[in-house]
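Asker: Each chain is listed here by its residues.
Protein chains: 2
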Amino acid sequence: MTDFAATKAMFDLPEGMIYLDGNSLGPLPKTAKARVASMIEDEWGQMLITGWNKAGWMQQPLSIGDRIGRLIGAEPGHVVMGDTLSIKVYQAVASALELNPTRRVVLSDNGNFPSDLYIVQGLLKSLGADFELRVVDPEDVAANITEDLAVLMLTEVDYRTGRMHDMKALTELAHAKGVMTVWDLAHSAGAVPVDLAGCQADFAVGCSYKYLNSGPGGPAFIYVAPRHVDAARPALSGWLGHEAPFAFDLDYRPGTGIERMRVGTPPMIQLAALDASMEIWDQVEMADVRAKSITLCDRFIAGIEASCPELTLASPRDGTTRGSQVSFAFEEGYAAMQAVIARGVIGDFRAPDIMRFGFTPLYIDDADVDGAVAIIADVMNNRLWDRPEYKIRAAVT
Amino acid sequence: MTDFAATKAMFDLPEGMIYLDGNSLGPLPKTAKARVASMIEDEWGQMLITGWNKAGWMQQPLSIGDRIGRLIGAEPGHVVMGDTLSIKVYQAVASALELNPTRRVVLSDNGNFPSDLYIVQGLLKSLGADFELRVVDPEDVAANITEDLAVLMLTEVDYRTGRMHDMKALTELAHAKGVMTVWDLAHSAGAVPVDLAGCQADFAVGCSYKYLNSGPGGPAFIYVAPRHVDAARPALSGWLGHEAPFAFDLDYRPGTGIERMRVGTPPMIQLAALDASMEIWDQVEMADVRAKSITLCDRFIAGIEASCPELTLASPRDGTTRGSQVSFAFEEGYAAMQAVIARGVIGDFRAPDIMRFGFTPLYIDDADVDGAVAIIADVMNNRLWDRPEYKIRAAVT
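Protein chains in written order, with this note's numbering: chain A, 1 to 397; chain B, 1 to 397.
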């Protein structure tokens, strides 16, 4: 059983703050400071170029990939770290399209991250005018999985409301129609149990700076199913994805397995911070995280609904179909959220009217939920955002 | 006049080591430790998500881009940091090709980084069978600039020998034939003065972890000429390149100017290390670096040629056509370099027979050159690599 009091003690959390925005940027693991300092001083500073071998830098994107792989149900050796999530989406969709070469349509939904849609728009424009991105409402995805689709690209947990797609059912439906799947796990990895292998997902991508707490701009990850990886052509064919990066051949030959999805030199300082965070995750079972997350979210919903009649639940009420976050709709939500933040409860706002709160069992407990509810009720019931001292600037993301 | 004794004192250099591999990975600026620690503790730890505004994270890829821009002759506001060099090469060549839409050929040379060639091979395969990468010998580039070329992609300084292309002459020749240029400055930025604006270069890219000393995996940069930037379509169209990233529109609209070449969330811990390194660069004039670099390289060549008859100069003898490195060819170069490294002089080996040494005036001085020459002469003249204690493993890059 995961000891969440112990994990909470492993984070540096600012005094007097209840941080419900770990779905945007996770907080600082206490050991990250020392781990990064040692990487800088003892590895970069002393080993210099030999650090690539001596300190194991070169292999770290794979070993950390496997540790994240455990949290998302990936087969060992099939997850690698690097780049940003946008780049990993590009790689996954580009490869998936080529594995389905007679088709030209990518299906997604308008609850996906806009950035994922942007990346596909850019990719398809490069590929030619006969490619199409089709975007439907989240609830219409299943009905729109048709035999003309090449790729179904979805984010499992809606970043605004926390609504979850049924990864297993939609993947099965896609496969029945000959469609490849690309799953974005940005709000899933470290938030909800994921079973990539069990769902037969084809490609998956995600980021490490939200629930995985790797710090701002930490590297992303990519998963390619074992049955595809040796056939997947890397569109971004960089030297570290080459079969023999140090042979300096003039022609690209993809490396074996997931290594081919590496591109350029990995960000070793960011990886050191992620490594420290993974030391916490290594002690955690996702089933425990999920159970506690649902408890925290349910408690928050009950507390808010009992005290803030003006807020309307915008997340699924059923915890099993909701990610690790709760959103409420409120017309003056932007201003209200600024006042909530000014009072030390950090959530965020998403247009047009969503007040969003993330619940992360590793460092948020029942007392935090109750404290947040009390502050939000005070803000709402006294319309604190109308007072000049609460009109502060929003956090950006 | 740059004070190189002062800059040398700003680096942590391992005791007893002469580090001539700053062209692969630059050493640790002393202030980087504190700068990164403060970024982690005071910014990530205390500001959390509000760091994007409060700590200025969001703008840092642009402000640091401008500081690097000063070193490479870029117009202010036209360089941005992010991703890896491979990704930036992809962006630059993809955009350059679209700006020359009736042509299908990219010309490069076999002295370019293999990674740059790999990236273009991958890009062209995505674009279609009618696209071609043409690779010629470096000395034949000028003669092969023909009117069927869309893009000329070259690395200014050859990573093996230090031979320099004439950026101004080749860019003029390219423009006369209607060809776009993409210059890779990986071995130029911080090594030799570059005048992108004066040369009328179209696109340029480079990395920060070599001569710019940002640490392993530090972010890359991209430059787009002012006359092209608002017409350049970003192939990797991520959310931070969007006109309004936080509006969460479903359709991509490129941002103004160089911002459109941003892709995903920037690696803020790596950027903190780069920021510390740039505090040194801010005090440095590239003309001084160039003068001192030529002096150091000439001194090294003279010393080696006087003491090591078996080594054959593989770099240009004329310092004005050579980057900030010197290479010697030697049949048993791989084994010999391992022995040199074991004796504390860190250079590296490049197949088939190149022993490579980088000279970086910020922290290498005449005494280092003389010390390195003495050790290399001892290794060569006593064939130390034949002794078992010197058969150590090579540094990887």
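These are calculated hints, taken from the structure and not from any lab test. These numbers were taken from a predicted model, which means no experiment stands behind them. A portion of the hints provided could be inaccurate.
The list cannot tell twin chains apart, which means a pair is met if one copy fits it or any two copies do.
Stated by the list, open to error - Computed cross-link-like contacts, DSSO-like style, restricted to lysine-lysine with a CA-CA straight-line distance of at most 30 Å: (1) 8 - 54; (2) 177 - 125; (3) 125 - 292; (4) 54 - 125; (5) 292 - 168.
Asker: None of the hints should be skipped; say for each whether it holds.
Answerer: The hints, checked one at a time:
no., hint, in the structure
1, 8 - 54, "between (33 Å within a copy, 26 Å between copies)"
2, 177 - 125, "both (25 Å within a copy, 27 Å between copies)"
3, 125 - 292, "neither (44 Å within a copy, 48 Å between copies)"
4, 54 - 125, "neither (43 Å within a copy, 36 Å between copies)"
5, 292 - 168, "within (23 Å within a copy, 63 Å between copies)"
Figure legend: structure checked against the earlier numbered hints; hints not met, in rising order: 3 and 4.
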